[in-house]
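Spelled out, the chains give:
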Amino acid sequence: MAGVGNPQQTDDRQRMNDDTLLYRQVHPSWIVDGVATSLTFLPSRQHQYLLSVYDGDKIDPEAAWNHYHGELGLTSEGVLAVSVAECDDLQLPARPDPEPFPEHAVIDFTGLSNSKRERKADRLKAIANERGWLFRP
Amino acid sequence: MEALPHRSHTQAHSDASPTTAPDEGRNMQNHPLRLDSVQHVISPRPRDVPARLDEFRDMQDGWYESWGIAPKREGLDWLSTAFERYYPDDVPLPYTYPNPEGSVRMEWSAGNNAVILEINLDAHSAEWLWFDRDSDDEFERTLDMDESADWQWLASEIRSKLTTGNA
Numbered sequence: 057m058a059g060v061g062n063p064q065q066t067d068d069r070q071r072m073n074d075d076t077l078l079y080r081q082v083h084p085s086w087i088v089d090g091v092a093t094s095l096t097f098l099p100s101r102q103h104q105y106l107l108s109v110y111d112g113d114k115i116d117p118e119a120a121w122n123h124y125h126g127e128l129g130l131t132s133e134g135v136l137a138v139s140v141a142e143c144d145d146l147q148l149p150a151r152p153d154p155e156p157f158p159e160h161a162v163i164d165f166t167g168l169s170n171s172k173r174e175r176k177a178d179r180l181k182a183i184a185n186e187r188g189w190l191f192r193p
Numbered sequence: 514m515e516a517l518p519h520r521s522h523t524q525a526h527s528d529a530s531p532t533t534a535p536d537e538g539r540n541m542q543n544h545p546l547r548l549d550s551v552q553h554v555i556s557p558r559p560r561d562v563p564a565r566l567d568e569f570r571d572m573q574d575g576w577y578e579s580w581g582i583a584p585k586r587e588g589l590d591w592l593s594t595a596f597e598r599y600y601p602d603d604v605p606l607p608y609t610y611p612n613p614e615g616s617v618r619m620e621w622s623a624g625n626n627a628v629i630l631e632i633n634l635d636a637h638s639a640e641w642l643w644f645d646r647d648s649d650d651e652f653e654r655t656l657d658m659d660e661s662a663d664w665q666w667l668a669s670e671i672r673s674k675l676t677t678g679n680a
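Protein chains in written order, with my numbering: chain A, 57 to 193; chain B, 514 to 680.
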């Protein structure tokens, strides 16, 4: 789902601000005891270490889930979120990436070692779990 | 400090298998509904590792965002057997998850200590990562999961780092 950079990135980035929430869909196998694993926020080599998220300024949590499950046909137990500011605090740039679809964005983990990716994913997981589910079907 | 469950001598792993509906059809991913049924059941003992591995057995390629690689059954069989054989009863149990790259991931956490074990089911190896959330302290190591000595090392590290909350 991760796409390449957008030539209008600067203009789009202005629409994301510190309070913008970035939604992650959580696979059911990644929830135990009601808590999501840090795998939820760990980017894959498959996608060049760009973590796909939904831009919360462009779509609400339920609509994001409906898009993910209904239109893309993918499995999600629900929606968790971190903010752009929380990503910035971890030195993880977030930016719109509308190439796959308009509400798509990415959190950029490129250039990090394995342990740093894991640490940051662990921290994002804690933040998101603390915030709680934004939507569960 | 987080209280972590331990495996009891009387714990039966197979009876923790989630109830699975008959294969009544397919979901939007054209996967058997049994898969979704399995995934939506709350395991009665979520840290029962063999039971969790059983839950992964019916996963199919494409399970995660259409690209996830299903863990191979023979690999799950191997890991379940090895875990039963080598993991001491007195050591805190992990949470266990499928990784879309085809591996199995185990996670332990207590206080500021986090341990992640990524297990390669083909190579019977694992990548160990421990880190202290409150400092830059961390340690990585590759383990041979066919070697009892490496299981012993793993168990010793879990005991020392997660039962006291200290590095």
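The hints are simulated quantities; they were obtained by calculation from the structure and are not laboratory data.
Since this is a predicted model, take the numbers as computed values, not measurements.
Heads up, the beta-carbon is just placed ideally off N, CA and C, and yes, glycines get one too.
Mixed in with the good hints there might be a few duds.
Partial selection, computed: residues in chain A whose CB lies under 8 Å from chain B [claimed, not checked]:
no.: 1; residue: Thr-76
no.: 2; residue: Ser-85
no.: 3; residue: Trp-86
no.: 4; residue: Val-88
no.: 5; residue: Ser-100
no.: 6; residue: Gln-104
no.: 7; residue: Leu-130
no.: 8; residue: Glu-174
no.: 9; residue: Arg-175
no.: 10; residue: Asp-178
no.: 11; residue: Asn-185
Within a straight-line C-alpha distance of at most 20 Å, the following computed EDC-like cross-link-like pairs (lysine to aspartate or glutamate) qualify [stated by the list, open to error]:
no.: 12; chain 1: A; residue 1: Lys-172; chain 2: A; residue 2: Asp-145
no.: 13; chain 1: A; residue 1: Lys-114; chain 2: A; residue 2: Asp-74
no.: 14; chain 1: A; residue 1: Lys-172; chain 2: A; residue 2: Asp-144
no.: 15; chain 1: A; residue 1: Lys-172; chain 2: B; residue 2: Asp-645
no.: 16; chain 1: A; residue 1: Lys-172; chain 2: B; residue 2: Asp-571
no.: 17; chain 1: A; residue 1: Lys-172; chain 2: B; residue 2: Asp-649
no.: 18; chain 1: B; residue 1: Lys-585; chain 2: B; residue 2: Asp-603
no.: 19; chain 1: A; residue 1: Lys-114; chain 2: A; residue 2: Glu-186
no.: 20; chain 1: A; residue 1: Lys-172; chain 2: B; residue 2: Asp-650
no.: 21; chain 1: B; residue 1: Lys-585; chain 2: B; residue 2: Glu-614
no.: 22; chain 1: A; residue 1: Lys-172; chain 2: B; residue 2: Asp-574
no.: 23; chain 1: B; residue 1: Lys-585; chain 2: B; residue 2: Asp-645
no.: 24; chain 1: A; residue 1: Lys-172; chain 2: B; residue 2: Glu-651
no.: 25; chain 1: A; residue 1: Lys-172; chain 2: B; residue 2: Glu-640
no.: 26; chain 1: A; residue 1: Lys-172; chain 2: B; residue 2: Asp-647
no.: 27; chain 1: B; residue 1: Lys-585; chain 2: B; residue 2: Asp-571
no.: 28; chain 1: A; residue 1: Lys-172; chain 2: B; residue 2: Glu-631
no.: 29; chain 1: A; residue 1: Lys-114; chain 2: A; residue 2: Asp-89
no.: 30; chain 1: A; residue 1: Lys-114; chain 2: A; residue 2: Glu-155
no.: 31; chain 1: B; residue 1: Lys-585; chain 2: B; residue 2: Asp-602
no.: 32; chain 1: A; residue 1: Lys-172; chain 2: B; residue 2: Glu-620
Satisfaction of hint between Asp-645 (chain B) and Lys-172 (chain A), Cα-Cα up to 20 Å: This hinted pair holds, its Cα atoms lying about 12 Å apart.
Restraint check for Lys-172 (chain A) with Asp-647 (chain B), where alpha carbons must lie at most 20 Å apart: Satisfied, since the Cα-Cα distance of roughly 13 Å is no more than 20 Å.
When the least beta-carbon distance from Ser-85 (chain A) to chain B is tested against 8 Å, hint result: With Cβ-Cβ at 5 Å, under 8 Å, it holds.
Straight-line alpha-carbon gap Lys-585 (chain B) to Glu-614 (chain B), limit 20 Å: Judged against 20 Å, a Cα distance of about 11 Å means the pair holds.
Lys-585 (chain B) paired with Asp-645 (chain B) [C-alpha distance capped at 20 Å]: With a Cα-Cα distance of about 32 Å, the restraint between Lys-585 (chain B) and Asp-645 (chain B) is violated, given a limit of 20 Å.
Lys-585 (chain B) paired with Asp-571 (chain B) [C-alpha distance capped at 20 Å]: This hinted pair holds, its Cα atoms lying about 9 Å apart.
Residue hint Asn-185 (chain A), partner chain B, criterion CB-CB below 8 Å: Asn-185 (chain A) check fails; min Cβ-Cβ to chain B is 12 Å, beyond 8 Å.
Residue hint Asp-178 (chain A), partner chain B, criterion CB-CB below 8 Å: holds, 6 Å
Restraint status (C-alpha distance of Lys-172 (chain A) to Glu-620 (chain B) at most 20 Å): holds, 16 Å
Distance restraint between Lys-172 (chain A) and Asp-649 (chain B), which requires alpha-carbon spacing of 20 Å or less: holds, 10 Å
Pair hint Lys-172 (chain A) and Asp-650 (chain B), alpha-carbon separation not exceeding 20 Å: holds, 11 Å
Satisfaction of hint between Glu-640 (chain B) and Lys-172 (chain A), Cα-Cα up to 20 Å: Since the Cα atoms of Lys-172 (chain A) and Glu-640 (chain B) sit roughly 15 Å apart, the hinted pair holds (cutoff 20 Å).
Violated hints, listed in ascending order, are 1, 6, 11, 16, 18, 19, 22, 23, 29, 31; each of the other numbered hints is respected by the structure.
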